[in-house]
Every structure is written in structure tokens, then in C-alpha cells.
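So the protein lines, in turn, are chains A and B.
Numbered according to this note's numbering, the first sequence terminates at residue 335, and the numbering increases by one at each position without gaps.
Numbered according to this note's numbering, the second sequence terminates at residue 270, and the numbering increases by one at each position without gaps.
Rather than coming from a laboratory, the hints here were simulated on the basis of the structure.
Only a predicted model underlies this, so the values are computations on that prediction, with no experimental measurement involved.
Beta carbons: idealized from backbone N, C-alpha and C, even for Gly.
Among the clues, some could well be false.
Far from chain A by the CB rule (all over 12 Å, computed), these chain B residues [said to hold, decoys possible]:
| # | residue |
| --- | --- |
| 1 | L24 |
| 2 | T49 |
| 3 | L214 |
Once the Cα atoms are required to be at most 25 Å apart in a straight line, the calculated BS3-like pairs of lysine-lysine come out as [as the list claims (entries may be wrong)]:
| # | chain 1 | residue 1 | chain 2 | residue 2 |
| --- | --- | --- | --- | --- |
| 4 | A | K158 | B | K166 |
| 5 | B | K166 | A | K86 |
| 6 | A | K300 | A | K257 |
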Amino acid sequence: MAAIEATELSKRYGTLIALDRVDLTVEEGEIFGFLGPNGAGKSTFINALLDFVKPTHGSVSVFGQDCQADSVRAREHLGVLPEGYSVYDRLTGRQHLEYAIRSKGADEDPVDVLERVGIREAGDRKASEYSKGMAQRLVLGMALVGEPDLLLLDEPTTGLDPNGAAEIREILREENERGATIFFSSHILEQVQAVCDRVAILQDGSVVAVDTIQGLREALGGGTKLVVTVDRTEPSILESIRGLEGVETAWLDEDGETVEITCRNDAKMDVLVAFHDAGVDVVNFRTEEASLEDMFVEYTGRR
Amino acid sequence: MSWLVIARQEAWLTATARSVRLLAGLLVLVCAVGAYVFPVFDPGPHTTAHFGGYVSGWLGTLVPLIGLVVGYNAVVGERRSGALALSLSLPHGRRDVVFGKLLGRLAPVVAAIVAGALIAGALVVYPFGELALAPFLAFVGATITLGVVYTALGVAISTFVATKTRATVAAFGVYVLVVVWTELEAAIELALASIGSPGEGVPTAVEVLLALEPTTAYDRIVAGAIDPAGSVGDAWYLDEWVALALLVLWATVPLAIAYRRFAGVDLQ
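Sequences and hints are given; from them, build the entire structure.
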């Protein structure tokens, strides 16, 4: 049975279409990354799963339970880090976890959970004193309570430093090994690239790609990135390079003298020749494996 | 038993809030002062049954205030802050949240009424009064029902609206109506007299309308069924059982309407 099954899921606010007929299946046991720029509709999708938002068309289910008609039973499968939450100012961290444990009918020790998310020392302090990162850890801890079948996390590493983000990823891997399906959204590509089996890229409310990282690379014509340092450049030169056979994208870095090109392997030489023909001196060049970032730029058209 | 988990947490959060403690303390104080001055200012008989009629006016002003203040922020406050997203991420239904919050917020209201009644009862009985247990229990029950009505109205407002400002305005408006309403009948009679049609009294339709309001219903229960010195009009709509039925409707219907709306709304 699929962990998440969305069929033509749509949400319209007046004239704004937040989600446009999204079809998405997340299999049990996957670590699935939900990627897209801010405002692409990632949170709307997650909020529809939680029944915070009522879809205007289509449906979504979790382990076969419809997220609107059987919302509570659907959420019994979930551990959630929602968007735009706030902690209870007057409760301590430990009290938050006790609330989650009672709510899920679980029997964990709150201290163990606090320890796991790295805020054991702060467990008896009021959550109003917590930093954004500590609150994020606390709510992740609440999500972990009761060994949920599916962890649903909206931008889980917000407010965390790189070390904290790495710790969270480690916890996600552990949970996945236990058998949990992980679904998380992010606009930060490295987060997704580091842990995900598959990703979906969302743009303006539509899914524009669903694939493995490897699959996305292959879709990008071999996924080679060519980084070329030049002595000068002009928009017209970039245009002509984009027009070459086998070239996906070409853009100028912020430093003004490095051009990044994603292209098929056999097109690399053509690119260098094109620079030469345009009278540009190639000072240096190297090739890289295309990162998800490049694919992301490719798919969402952001520069 | 999802609502029980929420009610338990809500009761703790409400009972430890300073504003609630202040209001609960005020209620107990008013009960105690009422009982203390009752033998001094009232000709008697000084029984716990007649005491109900003596303090019902005071409680009819204070209990609605407490109920509304305790209730009006229950749902909308957390909806705005984002704490509701945390609760509804757990396997709680929206119905569990509303019902649990109502129960949790009622706990300190009921506790304050019971504490006030215990102290007042003791002060009335000792040293010269007389205990009439059944009417006194009925009086406490009626006052608790009044507390339930206004807490439920407050929670209904909180469930219905989407912003804290609207909740504040609505709760304040309801309270002003409560205060004005109880004076309305006298004001209408006065107005009628001044335009020269005395004797007729207030038209029936207006009298029915005035009788709908919960605080006046509470007054009629106390006057008709509890205080031996009290009396209510003969019309069927002024009967104390009708008044009790009205209180039950006030406690349930607005909240049910508010819940229906809340159940179908987008929260973010």
C-alpha cells in the first residue's frame, strides 16, 4: 500500500491556484524529498494531508485513509512537523512530549525523546525560552513519539545550524531503517540530495518532475556541468551557447567571469569551440557532475 | 478519549493563567462578601435558600464576564499563534479540540463557583442562619449552568471567528448586551409610562424576547424554584423549567453552529 497517494489534488484560493491537479505516489519505506521554491505549494500539499486545508478538487490518502473524510485515522499513522506551528509558551519541553505521548497513546519516556533530539538539558524549561532551533527539535521529538509509519516534515531544518541539520538527517535515516516512510519538503537542495531516495519538484502548484536523483541527472542529458572561466562575456554569447545541440542551460555566475553550462558529455567540446569562435578567451575550465541544484535551476527556471 | 487529553491540558493551562485566577478569586470574594452582608441588609429569613435570591443579581453580572473571558480566546488564540497546528498534527479531531477546550476551560469556572458557594454557605449558616440543603444545591447547580452557558458562548465565539480582534469585539458585545438586557424591561416600562400608556405593561412579544436572554432565565430559575421569597410571572414562557431549557439551548446551539463552520474552514 502506498504511504501517500494524491490524485488530482488541487487547491484554489480565489483566483490563485496553489495546487494544480497534483498526482503523487510515495511508496512505503521511501525517503521522499519534496522540493520547490518558496510559494510553489509544498506547504499547501502537506496541509491538505493534515486536513488543515480542504482541497477544492481531487483527494489525498495516507496508508489508504482519506485525509479529509478519515482525517484522524489518517493522522494516527503520522508524525508531523507542521508549517507555521508555535509551541505552547507555558508548557515545558517535557510537558509537550507528555502531551504527544498521551495523544498518541504511546508509552515512551519523554526524557529519552528529549535526549534523542538533543535538548535533554532544556527539558524542564518553558518552551517560550527556546530558540527557533530548539523548538524545531522539540516538535520533531513530538513527531517521533509512537513510532509513526510516516514522518511528514515541513522544512525540518529551518532554524538549525549545519551541524543541527546533519543531526536531523541522521535521525531521519534511523527512522527510515526502523521502517518509517519519510516525506519532507525543503527549498534547500543539499538537504534533499543528501538523504532522499526520490524527489518531486514542485513549481507553481504543479509537479514538474518525480524521479530518483540519478534519474533526474540522466534526464539532464548525462548531467555534466561545465564550469568555464572566461575573460569577458555577453548575453548574446550565452544565448548562442544555449542554442547548441546537447546544451541544457548556460548561465553566468555572480562573479561575472564564470559561466556554468549543463550539457551532454559529447557537447562539451562544442561549447568550448563556441566560446573560441565568439572571440572569448577561455582562461580555465573544469567539469563537474551536475548537482541537484543545477537540476533544480533547470526545472524551475530560476537563475 | 482524545478530548479528555486536550481537556486535561487545557484545564491546567487555564487554571494557571493569572487573569483566570484573578477572576476566580473575585468570584469567591463576591460570594463571601454577599454572604457576610446578607444577614445585615436582608430582613430574612436568613436561609441558604433565600440567599440565592439575594446574590443572584451579583452573580448574574459576574459569572457571564468570567465565562466569556475564559472562553473567548480558547480556539482562535491558538489558531493564530500556531499552537493549534501542533494539536491538530496529533490524532485529534477538530471536534475533540473544541469539546476538550470547553471542558478544560470550564473546570476552573466550576471550581470557583463551588468554592464560592462553600464559603458563602458556611457564612450564611454560621452563626444565626439556617441550612436549606436542597434549594442551596439547586442554586449552585443553576449558577454552574449559567457559567457553562457563558463559557460555551465564549468558546463558540472563539471557534467561529478567525482573528483575535473579532473574538474580543464579539465577546465584549455579548457582555454589554447581557448588562443592558437585564435593565431593558424596566427601561421599556418607563418609556411606555412617559408616553402615557401605563397599565398595559410591556407587549407580550417584547416580553418573550426579553425572557430569552440567559441571565434573565437564570434569575427566573432562582426566583421561581429556589428562593421562597421570589416569584415569576404566570405566563408559560416565564416558567422556571422553560428558563432551564433555554439555558441548555444557549449552552449548546451557538457552539454547535460555530463548530459546523470551524469543521469546514481552512486553518492556514
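Discussion item. Flag every earlier hint the structure violates by its number, smallest first.
Written reply: none
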